[in-house]
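Trainee: Let the hints inform the model, and build the full structure from the sequences given.
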Amino acid sequence: MNSCQVLRDAPVRKVALFGGTHGNELSGVFLVKHWQEDGAEIQRPGLEARPFLANPRAVEKCCRYVDCDLNRVFDSENLGKELTGHVPYEVRRAQEINSLFGPKGQPEAYDLILDLHNTTANMGGTLILETSRDCFTLQMCHYIQDALWPDSCPVFLLEHPSLKYATTRSVAKHPVGIEVGPQPQGVLRADILGKMRKIVQHGLDFVQKFNAGQEFPPCTIEIYKIMEKVDYPRDKKNEITAVIHPNLQDRDWQPLNPGDPMFLTLEGKTIPYEGETTVYPTFVNEAAYYEKQQAFVTTVKEKLSAKGLKVS
Amino acid sequence: MEQGLKPPVMSHPQYLPSLRRVAVCGGTHGNEMSGVYLVKHWLQDPSELQRSTFQVTPFVGNPRAVEQCVRYIGRDLNRTFAPAFLNTKASDSDLYEIQRAQEINQIFGPKGSSQAYDFMFDLHNTTANMGSCLLVNSESNLLSMHMCNYIQKHCTVRHCPILFCQPPGEEANFTMSVAKNGLALELGPQPQGVARADQLAKMRSIMACALDFIELFNKGTLFPAFEIEAYKVVRRTDFPRYPNGEISAVIHPNLQDKDFQPLKPGDPVFQTFDGEDILDDSDDTFFPVFINEAAYYEKKTAFCKTKKGTFAQPAIQKGF
Ligand SMILES: [Zn+2]
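Chain order of the listed sequences is A and B. For the first sequence, counting from 1, position 229 maps to 229 in UniProt numbering; every step adds exactly one. For the second sequence, counting from 1, position 105 maps to 105 in UniProt numbering; every step adds exactly one.
Careful, some of the hints might be misleading.
[As the list claims (entries may be wrong)] Cross-link-like lysine-lysine pairs, in silico, DSBU-like; alpha carbons within 35 Å at most:
{"hint": "1", "chain 1": "B", "residue 1": "LYS40", "chain 2": "A", "residue 2": "LYS292"}
{"hint": "2", "chain 1": "B", "residue 1": "LYS300", "chain 2": "A", "residue 2": "LYS198"}
{"hint": "3", "chain 1": "A", "residue 1": "LYS61", "chain 2": "B", "residue 2": "LYS318"}
{"hint": "4", "chain 1": "B", "residue 1": "LYS219", "chain 2": "A", "residue 2": "LYS269"}
{"hint": "5", "chain 1": "A", "residue 1": "LYS61", "chain 2": "B", "residue 2": "LYS300"}
{"hint": "6", "chain 1": "A", "residue 1": "LYS236", "chain 2": "A", "residue 2": "LYS310"}
{"hint": "7", "chain 1": "B", "residue 1": "LYS258", "chain 2": "B", "residue 2": "LYS232"}
{"hint": "8", "chain 1": "B", "residue 1": "LYS232", "chain 2": "B", "residue 2": "LYS299"}
{"hint": "9", "chain 1": "A", "residue 1": "LYS164", "chain 2": "A", "residue 2": "LYS209"}
{"hint": "10", "chain 1": "B", "residue 1": "LYS232", "chain 2": "A", "residue 2": "LYS269"}
{"hint": "11", "chain 1": "A", "residue 1": "LYS14", "chain 2": "A", "residue 2": "LYS61"}
{"hint": "12", "chain 1": "A", "residue 1": "LYS292", "chain 2": "A", "residue 2": "LYS81"}
[Unchecked claim] Computed from the model, here is a short list of chain B residues facing chain A with C-beta under 10 Å:
{"hint": "13", "residue": "LYS40"}
{"hint": "14", "residue": "ILE251"}
{"hint": "15", "residue": "PHE273"}
[Claimed, not checked] A few chain A residues facing chain B, derived, Cβ under 8 Å:
{"hint": "16", "residue": "VAL6"}
{"hint": "17", "residue": "LEU7"}
{"hint": "18", "residue": "LEU188"}
{"hint": "19", "residue": "ASP191"}
{"hint": "20", "residue": "LEU193"}
{"hint": "21", "residue": "HIS245"}
{"hint": "22", "residue": "PRO246"}
{"hint": "23", "residue": "GLN249"}
{"hint": "24", "residue": "ASP260"}
{"hint": "25", "residue": "ASN285"}
{"hint": "26", "residue": "ALA287"}
{"hint": "27", "residue": "TYR290"}
{"hint": "28", "residue": "LYS292"}
{"hint": "29", "residue": "GLN293"}
{"hint": "30", "residue": "GLN294"}
Just so you know, the hints here were simulated from the structure itself, not pulled from any lab data. Cβ coordinates follow ideal geometry from the N, Cα and C atoms, glycine included.
Mentor: Set out below in structure tokens:
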């Protein structure tokens, strides 16, 4: 097959909008609650859009999670775990979600899940994909990027030989994460809310047009592909000894060249980036990743081609 | 105290005792990282805190909250230094912060007694765009007011507005109230759980400047009288809510990040999820602060309204 072919793909009828996968990322929490009261803005002919609060207990406590990160437990081990004895709340919840919107990998699963997140990093409105081989989501990203132009809308590809995420949205046939920042945890900003809302609108518009038979010609999009996680410098007791350098802070998606400042120790010493090639950092200084031993992740820019697309 | 003179004459300084023991608290709230990181660093290497005329003791206010990177475990430590909590016999069944407040009171107080530390700094962050805000109980805290004036004049950090944090008629129950004098730093914007290099550097410079002030004061420098601008909290404004208590609107984009800027009657303050503007319905101009502070959602505070005033302060000098 080559990229000039037009791919015939099944209609996307069952769509879910997840908010509160992380309970303190408030844009999605409040949008979903709002849509549950008044869903007019997410209704489109030819599809069912279901707003859903993924981790209600974490939302209630306004924390990321109660027992463990809901966005990392959608693997076969946790989804198949027997629910006896002490099972973390999020594992139980993952199984509920899997039965409501999955089962993951099965034909009955939802067609599309848009999972709404916030970050403390200056990532703007970012779309997150799990695979480079899904022409539907690539075309959707291309459509959203076009619609938002001249505002940028980076696409982050979580495809890596060893880093596996097992995200909540992965129960759907086409999973897409929407990550908007910067916004502190537990805070709701009107500008970030507006940005997220717009992305969702364009995403649903795309689905509606696709279902209605519009053909999307082959396209190429630029994506940032995950390379590696970079941890903070730490002492023997595992305490962080340096912070993100001011030159790197807020510079998500900007090139980081060999020798560029990366961290600043509390003694005032600059620690440079010592890689051999230019990378594009993202999730720079994300609050939730301190415990994951992660100061930022590096990415490389790549171009991906999507085949033409039309509903079958 | 040699305050027998209390001269009405402007040129005469008020004489205050020198400061011998100074404490610096970080992590009163465990997810406000500038103070947490600085105090942990100073516990390893206190050299930058050292001055010749007094002793400085850094400490972590709420170590358990710091460990879990949360604001508090059982209740807000920074509202726990009231007699009702300090003077009851602590038992293991008490909330952690009550026990911890009593410990802090034992080490650095007792609050209100002659054995208490002379000064306490308390290092905070806010998600609001408050710059490098200096929090003082009230304008009657003469020494703290002089310190603020000195910081505004000598510190390289710009925009250090003074905010009086003690609601009128209420007693001070903040951590710093254990010592005889206090100053809290409230730096933002910084998300909870995040340490930004820029905020860290600002907090550090202000601390260095404040300690320099104490050193000069202890050495007998006369600090002349001055007038200074400061903001006083007069009321809190909650988010609009649905009958079930859920927030029904967000801070209006025109108000977001506009801490310390005038808010006039009729200015938009909230925006509903349907895009409708909600206007300020007061009949006076206020200066809002703590706009969209994460920790205040549960305190039912979307922002605090302040009044700006000018406050005259007499000269001070160390008494002999
Ligand atoms: Zn998230």
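Trainee: For every hint, state whether the structure bears it out.
Mentor: Right, here's what the structure says about each hint:
1. B:LYS40 <-> A:LYS292: Measuring from Cα to Cα gives roughly 21 Å; hence the hint holds.
2. B:LYS300 <-> A:LYS198: With Cα atoms ~29 Å apart, LYS300 (chain B) and LYS198 (chain A) stay inside 35 Å; holds.
3. A:LYS61 <-> B:LYS318: Violated, because 50 Å separates the two Cα atoms, which is more than 35 Å.
4. B:LYS219 <-> A:LYS269: Since the Cα atoms of LYS219 (chain B) and LYS269 (chain A) sit roughly 33 Å apart, the hinted pair holds (cutoff 35 Å).
5. A:LYS61 <-> B:LYS300: Cα-Cα ~15 Å, so holds.
6. A:LYS236 <-> A:LYS310: Violated: LYS236 (chain A) and LYS310 (chain A) sit about 57 Å apart, past 35 Å.
7. B:LYS258 <-> B:LYS232: This hinted pair holds, its Cα atoms lying about 17 Å apart.
8. B:LYS232 <-> B:LYS299: With Cα atoms ~19 Å apart, LYS232 (chain B) and LYS299 (chain B) stay inside 35 Å; holds.
9. A:LYS164 <-> A:LYS209: Answer holds: LYS164 (chain A) to LYS209 (chain A) is near 32 Å, not above 35 Å.
10. B:LYS232 <-> A:LYS269: 40 Å, violated
11. A:LYS14 <-> A:LYS61: This hinted pair holds, its Cα atoms lying about 30 Å apart.
12. A:LYS292 <-> A:LYS81: With Cα atoms ~24 Å apart, LYS292 (chain A) and LYS81 (chain A) stay inside 35 Å; holds.
13. LYS40: Because about 7 Å separates LYS40 (chain B) from the closest Cβ in chain A, which is inside the 10 Å limit, the hint holds.
14. ILE251: Holds, about 6 Å.
15. PHE273: 4 Å, holds
16. VAL6: It is violated, given that the least Cβ distance between VAL6 (chain A) and chain B is near 39 Å, above 8 Å.
17. LEU7: 37 Å, violated
18. LEU188: Where the cut-off is 8 Å and the nearest Cβ of chain B is about 5 Å from LEU188 (chain A), the hint holds.
19. ASP191: 6 Å, holds
20. LEU193: LEU193 (chain A) check passes; min Cβ-Cβ to chain B is 6 Å, inside 8 Å.
21. HIS245: 6 Å, holds
22. PRO246: 5 Å, holds
23. GLN249: This interface hint holds because 6 Å falls under the 8 Å limit.
24. ASP260: 14 Å, violated
25. ASN285: Given a least distance of 6 Å, the restraint on ASN285 (chain A) holds.
26. ALA287: It holds, given that the least Cβ distance between ALA287 (chain A) and chain B is near 4 Å, below 8 Å.
27. TYR290: 6 Å, holds
28. LYS292: Violated: closest Cβ of chain B sits about 12 Å from LYS292 (chain A), beyond 8 Å.
29. GLN293: 14 Å, violated
30. GLN294: Check failed: Cβ of GLN294 (chain A) comes no nearer than 13 Å to chain B, outside 8 Å.
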